[in-house]
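Protein sequence lines correspond, in order, to chains S and W. Per numbering that gives the first Met the number 0, the very first residue in the first sequence carries number 0; after that it's consecutive. Per numbering that gives the first Met the number 0, the very first residue in the second sequence carries number 0; after that it's consecutive.
It is worth saying that the hints were derived from the structure and are not from the lab. Among these hints, one or two may not hold up.
[Claimed, not checked] Listed below are the simulated SDA-like cross-link pairs for lysine to any residue, each with C-alpha atoms no more than 25 Å apart in a straight line:
#, chain 1, residue 1, chain 2, residue 2
1, W, 75, S, 45
2, S, 524, W, 63
3, S, 336, W, 161
4, S, 386, W, 171
5, S, 336, W, 175
6, W, 82, W, 99
7, W, 75, S, 513
8, W, 160, S, 512
9, S, 524, W, 73
10, S, 269, S, 177
11, S, 336, W, 156
12, S, 336, W, 55
13, W, 82, S, 40
14, W, 160, S, 342
15, W, 160, S, 37
16, S, 336, S, 227
17, W, 184, S, 513
18, S, 498, W, 79
19, W, 160, S, 15
[Unchecked claim] To list a few chain W residues with every Cβ distance to chain S over 12 Å, as calculated:
#, residue
20, 10
21, 11
22, 61
23, 80
[Claimed, not checked] Here are some chain W residues the structure puts well away from chain S; computed CB gaps all over 10 Å:
#, residue
24, 1
25, 7
26, 17
27, 46
28, 91
29, 98
30, 179
31, 182
32, 230
Quick caveat, the model's predicted, so the values are computed rather than measured. For glycine and all other residues, C-beta sits at the position ideal for the given N, C-alpha and C.
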Amino acid sequence: MRQFVQGIVENNHQATHLLQILRQIQSRFHYIPEEAIEQLSGLLNIPRTQIISVIEFYSFFHLTRRGRYELLISDSITDHMLGKKDLLGYLENKLAVAVGEVRPDGVVSLDNTSCTGMCDQGPAGLVNGYALTHLDHSSIDKIAELINQQKPLSEWPSELFQVDDNIHKSGLLLNQQLEQGAALKAVLTRGIKETLTEIDKSGLRGRGGAGFKTAMKWQFCSEEQQTERYVVCNADEGEPGTFKDRVLLNTYADQVFEGMTVCAAIIGAKQGFLYLRGEYLHLHDKLQNILEQRRRNGLLGTNILDAGWNFDIEICLGAGAYICGEESALIESLEGKAGIPRNRPPYPVTQGYLGKPTVVNNVETFLAAASIAVNGGDWFASIGTEKSKGTKILSISGDCARPGIYEYPFGVTVQTILHDCGADDVLGVQVGGPSGSFISDQEFERKLAFEDLATGGSFIIFNTSRNILDMVHNFTHFFAHESCGFCTPCRVGTSLLQKQMDKIVEGHGSAGDVVALEELCQLVKNYSHCGLGQTAANPILTTLERYPDLYQNRLKEISYEPGFDLDGALETARRMANRDDAGAHLAQIEVNEHE
Amino acid sequence: MSKTITIDGKTIPFEDGQTIMDAAMAADVYIPHLCHQPEFTPHGSCKLCTVNVNGRNCSACTFPAMDGQDVLSETKELIDDRKKITQMLFVEGNHFCPSCEKTGNCQLQAVAYHLNMLDNHFPLFYPDRNVDASHAEVMIDHNRCIFCALCVRASQQTDGKNVFALSGRGIHKHLIVNAESGLLKDTDVDVNDQAVHICPTGAILVKRTGYQVPIGERIYDHQQIDQVSLAASGSRPVATLPPSLAVGKEHPKHGK
Numbered sequence: 000m001r002q003f004v005q006g007i008v009e010n011n012h013q014a015t016h017l018l019q020i021l022r023q024i025q026s027r028f029h030y031i032p033e034e035a036i037e038q039l040s041g042l043l044n045i046p047r048t049q050i051i052s053v054i055e056f057y058s059f060f061h062l063t064r065r066g067r068y069e070l071l072i073s074d075s076i077t078d079h080m081l082g083k084k085d086l087l088g089y090l091e092n093k094l095a096v097a098v099g100e101v102r103p104d105g106v107v108s109l110d111n112t113s114c115t116g117m118c119d120q121g122p123a124g125l126v127n128g129y130a131l132t133h134l135d136h137s138s139i140d141k142i143a144e145l146i147n148q149q150k151p152l153s154e155w156p157s158e159l160f161q162v163d164d165n166i167h168k169s170g171l172l173l174n175q176q177l178e179q180g181a182a183l184k185a186v187l188t189r190g191i192k193e194t195l196t197e198i199d200k201s202g203l204r205g206r207g208g209a210g211f212k213t214a215m216k217w218q219f220c221s222e223e224q225q226t227e228r229y230v231v232c233n234a235d236e237g238e239p240g241t242f243k244d245r246v247l248l249n250t251y252a253d254q255v256f257e258g259m260t261v262c263a264a265i266i267g268a269k270q271g272f273l274y275l276r277g278e279y280l281h282l283h284d285k286l287q288n289i290l291e292q293r294r295r296n297g298l299l300g301t302n303i304l305d306a307g308w309n310f311d312i313e314i315c316l317g318a319g320a321y322i323c324g325e326e327s328a329l330i331e332s333l334e335g336k337a338g339i340p341r342n343r344p345p346y347p348v349t350q351g352y353l354g355k356p357t358v359v360n361n362v363e364t365f366l367a368a369a370s371i372a373v374n375g376g377d378w379f380a381s382i383g384t385e386k387s388k389g390t391k392i393l394s395i396s397g398d399c400a401r402p403g404i405y406e407y408p409f410g411v412t413v414q415t416i417l418h419d420c421g422a423d424d425v426l427g428v429q430v431g432g433p434s435g436s437f438i439s440d441q442e443f444e445r446k447l448a449f450e451d452l453a454t455g456g457s458f459i460i461f462n463t464s465r466n467i468l469d470m471v472h473n474f475t476h477f478f479a480h481e482s483c484g485f486c487t488p489c490r491v492g493t494s495l496l497q498k499q500m501d502k503i504v505e506g507h508g509s510a511g512d513v514v515a516l517e518e519l520c521q522l523v524k525n526y527s528h529c530g531l532g533q534t535a536a537n538p539i540l541t542t543l544e545r546y547p548d549l550y551q552n553r554l555k556e557i558s559y560e561p562g563f564d565l566d567g568a569l570e571t572a573r574r575m576a577n578r579d580d581a582g583a584h585l586a587q588i589e590v591n592e593h594e
Numbered sequence: 000m001s002k003t004i005t006i007d008g009k010t011i012p013f014e015d016g017q018t019i020m021d022a023a024m025a026a027d028v029y030i031p032h033l034c035h036q037p038e039f040t041p042h043g044s045c046k047l048c049t050v051n052v053n054g055r056n057c058s059a060c061t062f063p064a065m066d067g068q069d070v071l072s073e074t075k076e077l078i079d080d081r082k083k084i085t086q087m088l089f090v091e092g093n094h095f096c097p098s099c100e101k102t103g104n105c106q107l108q109a110v111a112y113h114l115n116m117l118d119n120h121f122p123l124f125y126p127d128r129n130v131d132a133s134h135a136e137v138m139i140d141h142n143r144c145i146f147c148a149l150c151v152r153a154s155q156q157t158d159g160k161n162v163f164a165l166s167g168r169g170i171h172k173h174l175i176v177n178a179e180s181g182l183l184k185d186t187d188v189d190v191n192d193q194a195v196h197i198c199p200t201g202a203i204l205v206k207r208t209g210y211q212v213p214i215g216e217r218i219y220d221h222q223q224i225d226q227v228s229l230a231a232s233g234s235r236p237v238a239t240l241p242p243s244l245a246v247g248k249e250h251p252k253h254g255k
């Protein structure tokens, strides 16, 4: 082991590479052994506590041994809609291992994981980090057999790992595959300043959801009095229900890298990073090859296009933390730390990676910027709405005939989208993922645009057979699981929201519990440190506003109900007393009097 | 002309580089806080010092003061919500004030009194947390940790060590210490380290000093935390110092 760790560190000797180093150790040993922590602490010259806090922060790192086959099943609501619960039970049986456990022989471990970004081809999962799609009984039979035979992943049939693009509707951006280098040549011809003017003219706004004007961000960063600057592409696509960046990086990666290089030329950066979510490990080698090819073709590295530009891009993999999609948490993660959002100001454009001015943009933003560099600002601004220029690429999943990728001009109505993807009998749509809003069937004339429904691209459709509270329950658990725990309102509040939702959904709620729920929502929303906490209550708030009766109907007609399962709380006592008679059980309420 | 902000209508001068909290403390205005101590880099995690600036909530301890800011602090809404945030800190841990050595000297308890907190409001979590009594002179009772990171910062910034760190995610956040065994006895902590004396609650205690100051004669037994805090910041005559500022000394006797 010493040699293995020594070998990795020789290639990555900086503490900023801690995540990448830990990924390799986890992958080799299926946990991070104590000796490795000790050794890394010495080699990287960082306290062991920093290493432990990173291991305990990211879902894909473990201090105790996981199975040689680490199997994770995606817990997105879309996976549930495709029968995930039944499959998980089937898997438990087939592999003889319970969820959350390692099989005694150490061969396999099974657990849940947050949305893996395969909502259009679920139920999905990961085996040793590699994406599995279209899980069903027959593929599980096959997987169980392969695991029990301890076949290396390289010998597993490739169809288990097949990931499709599913592009069903192309527009301005997806219709046009730029020739490699076209955008950079355009910048060279037009001029750097003039290109920024075109991007400004295009009206391009950040595609991650917040919608900050791209040209303005780049301008601010370029004006900082610093010599070192960085470009970061945020491919930590963790919002459940979104998977467009996966497709863009699979099929349009060259153009995304080109957009980053255009940005580097404009702001004067020499180093860029693609922060790729750990769940997209399957794309890693392909992307490395594209970067290598671009270097060979003089489009990356030193003296790009003989124009004297120096810029290179490094790919950094995440390790299972939704919060790293928040730009300052992402930067912390790039620096080899736990992904805890920073206090702002200062913003990343003034103090980002290693304290230097940094532009962080979404994958789609860089893709659009490359196209704008070639085609000009007017080309992009000619479509869309007044405040939302151009197109938006959507990830559509849930109850529809054709889930996948759709590109629309901004201003498109929900109704049009539902028609195009073949959705019937629709109850409502979750726009923008769990942190967005739930739209009821009374609102299908609403438009996707920053001035109405702003979205990072997640679009999950629910038909009338679905139970809205199941969805809210899933989303609320998601946020509690993904809260970084830094600030009180989110750390405690998201767990309290989870408890309160469970109480109501499980039928233990009584009069006053919905009011208490709403009050708690406002507290978490108004006082949390970052966007995660500020939006964690949205699933409850947006459905409570539209379907108050759904919540009220779950309440008991009594004035008070204990907030926990009384009988369940006695379980430990029963075990210790070795009793299970009637006298050792309690009814939740005085049933006879009240019902 | 010097730059000013207003807090609840009162005009307050500030210098460039000061946060709203810095300006407020210098001007004798108390904003409730637990994770903040002026001598350390602000953390901004407890959120008790949330104020409303030009219509937007932000943490006074991290947000820079800027000319012309209209800051609201003692509004009914903010006071009510600060109380709820304090209640959150109580329910996520195991805080039993009557049996805690820190009672009367505890800032969490004192803030709760200041905000007139009379119950827990939220359901209790009853987390299963350990006590680390391995060290000869210092103990950690994890039941009382509120993750303010003051010990983490004091250890790094004053003691020049790295004894403490926060680890884990979400509600599983916990304090860890820098030793292979995970025990305090195997760290390089010293009883005279500032990190040992900075804890606002009873999570880090010095052994064999319990009850040297009787209950009833402790810092917050007769004075509200706002008065003590302002005295400590130097803007008021010093009556008593919180234990955090009395490193290596006997706990000061309370003078009425």
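Outcome of the hint check:
1. This hinted pair does not check out: residue 75 of chain W and residue 45 of chain S have alpha carbons roughly 46 Å apart, beyond 25 Å.
2. With a CA separation close to 22 Å, the supplied pair residue 524 of chain S and residue 63 of chain W stays within the 25 Å bound.
3. With a C-alpha separation of about 16 Å, the suggested pairing of residue 336 of chain S with residue 161 of chain W holds against the 25 Å cut-off.
4. Restraint check for residue 386 of chain S and residue 171 of chain W: not satisfied, since their Cα atoms lie roughly 42 Å apart, outside the 25 Å limit.
5. A C-alpha spacing of about 16 Å is found between residue 336 of chain S and residue 175 of chain W, which places the hinted pair at or below 25 Å, so the restraint holds.
6. Using a Cα cut-off of 25 Å, the hinted pair residue 82 of chain W and residue 99 of chain W holds, with the two alpha carbons roughly 21 Å apart.
7. Taking the CA atoms of residue 75 of chain W and residue 513 of chain S, the gap is about 23 Å. The hint holds against a cut of 25 Å.
8. A distance of roughly 47 Å separates the Cα atoms of residue 160 of chain W and residue 512 of chain S; the hinted pair therefore is violated under the 25 Å criterion.
9. Under the criterion of a C-alpha separation no larger than 25 Å, the hint pairing residue 524 of chain S with residue 73 of chain W is consistent with the structure, at around 20 Å.
10. Annotation: proposed proximity of residue 269 of chain S to residue 177 of chain S holds, straight-line Cα distance about 23 Å (limit 25 Å).
11. For the given pair, residue 336 of chain S sits about 19 Å from residue 156 of chain W by alpha-carbon distance, which is consistent with the 25 Å threshold.
12. Using a Cα cut-off of 25 Å, the hinted pair residue 336 of chain S and residue 55 of chain W is violated, with the two alpha carbons roughly 29 Å apart.
13. Simply put, residue 82 of chain W and residue 40 of chain S have alpha-carbon atoms about 41 Å apart, too far for the 25 Å limit, and the pair is violated.
14. Taking the CA atoms of residue 160 of chain W and residue 342 of chain S, the gap is near 24 Å; set against the 25 Å cutoff, the hint holds.
15. Proximity of residue 160 of chain W to residue 37 of chain S is assessed by CA-CA distance (about 17 Å); at most 25 Å being required, the pair is judged to hold.
16. A threshold of 25 Å between alpha carbons decides the hint, and for residue 336 of chain S with residue 227 of chain S the separation of about 21 Å falls inside it, so the pair holds.
17. For the proposed pair residue 184 of chain W and residue 513 of chain S, the alpha carbon gap of about 48 Å is over 25 Å, so the pair is violated.
18. For the hint pairing residue 498 of chain S with residue 79 of chain W, the CA-to-CA distance comes to about 22 Å; that is within 25 Å, so the pair holds.
19. This hinted pair checks out: residue 160 of chain W and residue 15 of chain S have alpha carbons roughly 21 Å apart, not beyond 25 Å.
20. Every CB of chain S is more than 12 Å from the CB of residue 10 of chain W (nearest about 23 Å), matching its label as outside the interface.
21. The Cβ of residue 11 of chain W lies farther than 12 Å from every Cβ of chain S, with a closest approach of about 20 Å, so its non-interface assignment holds.
22. Residue placement check: residue 61 of chain W does not keep its beta carbon more than 12 Å from all beta carbons of chain S (closest about 4 Å).
23. The Cβ of residue 80 of chain W does not lie farther than 12 Å from every Cβ of chain S; its closest approach is about 6 Å, which violates its non-interface assignment.
24. Every CB of chain S is more than 10 Å from the CB of residue 1 of chain W (nearest about 22 Å), matching its label as outside the interface.
25. The non-interface label for residue 7 of chain W is consistent with chain S: the shortest C-beta to C-beta separation is roughly 19 Å, beyond 10 Å.
26. Residue 17 of chain W, annotated as away from the interface, keeps every beta carbon of chain S farther than 10 Å; the closest lies near 14 Å.
27. With a minimum CB-CB distance of about 5 Å to chain S, residue 46 of chain W fails to clear the 10 Å threshold, and the non-interface call is violated.
28. The claim that residue 91 of chain W lies off the interface is violated: its Cβ sits roughly 5 Å from the closest Cβ of chain S, which falls inside the 10 Å cut-off.
29. Under the 10 Å C-beta cut-off, the non-interface status given to residue 98 of chain W relative to chain S holds; the minimum distance is some 22 Å.
30. For residue 179 of chain W, the shortest C-beta to C-beta distance to chain S comes to about 7 Å, within the 10 Å cut-off, and the non-interface label is violated.
31. For residue 182 of chain W, the shortest C-beta to C-beta distance to chain S comes to about 13 Å, beyond the 10 Å cut-off, and the non-interface label holds.
32. Once the 10 Å rule is applied to beta carbons, residue 230 of chain W is consistent with being away from chain S; the minimum gap is 26 Å.
Violated hints, listed in ascending order, are 1, 4, 8, 12, 13, 17, 22, 23, 27, 28 and 30; each of the other numbered hints is respected by the structure.
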